[in-house]
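Asks: Hey, can you piece these two chains together into the complex? The hints should help.
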Amino acid sequence: MGDRLESFELMILLAVLRLDDEDAYGVPISTEIEQTTGRRVALASVYAALERLEDRGWVSSRMGESTAERGGRAKRYFRVNAEGVRRVREAKRTLVKMWRGIRELQGGTT
Amino acid sequence: MKRPNPPTLPTKLLESFVPQRTSEALLGDLIEQYDAGRSRTWYWQQVILALVISAGREARTRKLQAVSAVVVGYVTGASLFYFTTKLAARFVGGYTAYFVFLPLAFVSAAASGWILRRSHPRAMVLIFSGFCVVASVVAFAVYAWLPISDRAPVPIVAFFVVVDFIIWPLGVLAGGLWGSSETDNALIRHPPETH
Chain A
1 MGDRLESFEL
11 MILLAVLRLD
21 DEDAYGVPIS
31 TEIEQTTGRR
41 VALASVYAAL
51 ERLEDRGWVS
61 SRMGESTAER
71 GGRAKRYFRV
81 NAEGVRRVRE
91 AKRTLVKMWR
101 GIRELQGGTT
Chain B
1 MKRPNPPTLP
11 TKLLESFVPQ
21 RTSEALLGDL
31 IEQYDAGRSR
41 TWYWQQVILA
51 LVISAGREAR
61 TRKLQAVSAV
71 VVGYVTGASL
81 FYFTTKLAAR
91 FVGGYTAYFV
101 FLPLAFVSAA
111 ASGWILRRSH
121 PRAMVLIFSG
131 FCVVASVVAF
141 AVYAWLPISD
151 RAPVPIVAFF
161 VVVDFIIWPL
171 GVLAGGLWGS
181 SETDNALIRH
191 PPETH
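These protein sequence lines are chains A and B, in that order.
Heads up, the final residue of the first sequence is numbered 110 in the numbering used here, and it's a clean run with no missing numbers.
Heads up, the final residue of the second sequence is numbered 195 in the numbering used here, and it's a clean run with no missing numbers.
Chain B with its partners taken away, still in its complex shape (with noise of 0.2 Å):
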């Protein structure tokens, strides 16, 4: 009896934001291992690996790309992210509001990671969504030292941590993903001239 395919979300991460130099035959590596009994956690961890080891590699190799990354990844989407609310606010007060900002938030960060996926290599998405996590546990480990009447109301707190741990990083990743589909299809409509 064949096995199921793969899990679809891994190998489609694997595809859209690393090098295709290393994620095609990777995949297929993958995929055999997969077919001769290997499990989806092993498949999804060894999928996770691949996009840590590539993303650190692509940050050492093309350092400005990153930078570059970082500065208009954090500008596109704290700047839609800020407009956004700002509007949100005028309709919606209390901490009522802070349910309508939690998809605004993922929106922003979708954009953002959008734009990355059309504007650098594929890699700078990754780079950028683990850049937003290391930044926020530097925030977080700021905000820890301040004194107890200084620090926000705990649904606030509550409200950052889901933004800047789960939300805006796997909102940099959909983003990346949508626009990977969009540059696939624009290959399959034009494809590349062939010399």
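So that you can see chain A by itself, here it is in the shape it has in the complex (with noise of 0.2 Å):
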């Protein structure tokens, strides 16, 4: 695994980059993920993803207040390191080189 970034990681940064300091927890990165790509997201999943970038210097994470309406258990915030958003633009720039210059995907917007 090292630190290449795979496909399912690099679509939880582009989550987490979109939303704010203050909704990039849990649920809402879930609910990014699955209304951009139509895809079902388990919550595990998720966390799995978010945790391994966080060993790698990717992401970082804080504890918020616990609140009653989820069971007295606290929401734990995400955030993307600088590392992290390099390495997102890195991947771009390598999708948009493999890109160029192929015929079938030229013209269409499908």
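Hints may be right or wrong, so weigh each one.
[Unchecked claim] Per label pair, the in silico range of CB-to-CB distance:
| no. | chain 1 | residue 1 | chain 2 | residue 2 | range |
| --- | --- | --- | --- | --- | --- |
| 1 | B | P155 | A | E69 | 34 to 44 Å |
| 2 | B | A144 | A | E34 | 36 to 46 Å |
| 3 | B | V133 | A | R39 | 22 to 32 Å |
[Said to hold, decoys possible] Among the chain A residues that face chain B by a calculated CB cut under 10 Å, a handful are:
| no. | residue |
| --- | --- |
| 4 | A42 |
| 5 | L43 |
| 6 | A44 |
| 7 | V46 |
| 8 | R52 |
| 9 | R73 |
| 10 | R76 |
| 11 | T94 |
[Said to hold, decoys possible] Derived coverage of chain A by chain B (criterion: at least 3 residues anywhere in the stretch with Cβ under 8 Å from a Cβ of chain B; other residues may be distant):
| no. | region |
| --- | --- |
| 12 | 21-30 |
| 13 | 66-72 |
Honestly, the hints are just simulated from the structure, not real lab data.
C-beta atoms are modelled at their ideal positions from N, C-alpha and C, and glycine is treated no differently.
Replies: Below is the structure:
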């Protein structure tokens, strides 16, 4: 696995970047991915990916206040670090480079 | 109208066997979604997935502890089961003895789960329980290759299927849950000192 950015992890990083700091916890992150991709996402997979990214230092997290409507459990907010942003940019550059010059992918939107 | 509380057992399983770093926030998210209208089935599915992912991750990152958990769990559970069934066989015989062996299997597995929960990180109970199921699948696959003449009578095979795939894994988890509640109570009685 190493420090290669998998496609699901890239989606997670993009979802966290799209959300404000005060909204970037498990539920909105998975909703963001579901709405964008149309794929169902398990919360446990989202946390597993976020923890992998945190272990690599690409994402950081902090615990919020515990609230009664969450059974007294706190939210865990995530933020993409500078290294995470650099990795996303790098992934985009690589994909765009790969895209160029492919006849089948030119001209249409699908 | 407020929805009924989320199912207790999966909540307890997640709290007991998934590292707190993940379980606290994940449980909050699950409760939030459940209150927003998700079903009990969805809640169970999310918890089972979280348990599987957590066990896999812990097994990969703490290989030595995982091996130690399997060895400790197997040695304690199997030896307890061996000695208690040996003792019980003195008083009951024939096929009826197997009905006595079933609760003994559960108690032995629960004891191994309890010991693991008290001596290893919380996810190790889950890893041992999963190992038991995988080991049973392998054992039965090997058994299926034996010539029919070497096979045990059907009631004995049925007994081992029930023990290996149901009683033993559930017993380990039950013992782990019991060990967790004792750990939690000890923390309530003697909270860790804050500096």
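Asks: Determine for every hint whether it applies to the structure shown.
Replies: Checked hints:
1. B:P155 to A:E69: 34 to 44 Å: Once the Cβ atoms are compared, 52 Å apart, the range 34 to 44 Å for A:E69 and B:P155 is violated.
2. B:A144 to A:E34: 36 to 46 Å: Holds - the Cβ-Cβ distance for B:A144 and A:E34, about 42 Å, lies within 36 to 46 Å.
3. B:V133 to A:R39: 22 to 32 Å: holds, 29 Å
4. A42: With a minimum Cβ separation of about 5 Å from chain B (threshold 10 Å), the hint on A:A42 holds.
5. L43: holds, 5 Å
6. A44: At about 4 Å, which falls below the 10 Å cut-off, the nearest Cβ of chain B leaves the hint on A:A44 intact, so it holds.
7. V46: Because about 9 Å separates A:V46 from the closest Cβ in chain B, which is inside the 10 Å limit, the hint holds.
8. R52: holds, 9 Å
9. R73: holds, 3 Å
10. R76: Because about 4 Å separates A:R76 from the closest Cβ in chain B, which is inside the 10 Å limit, the hint holds.
11. T94: Violated - the Cβ of A:T94 stays beyond 10 Å from chain B, reaching only about 27 Å at its closest.
12. 21-30: holds (count 3)
13. 66-72: holds (count 5)
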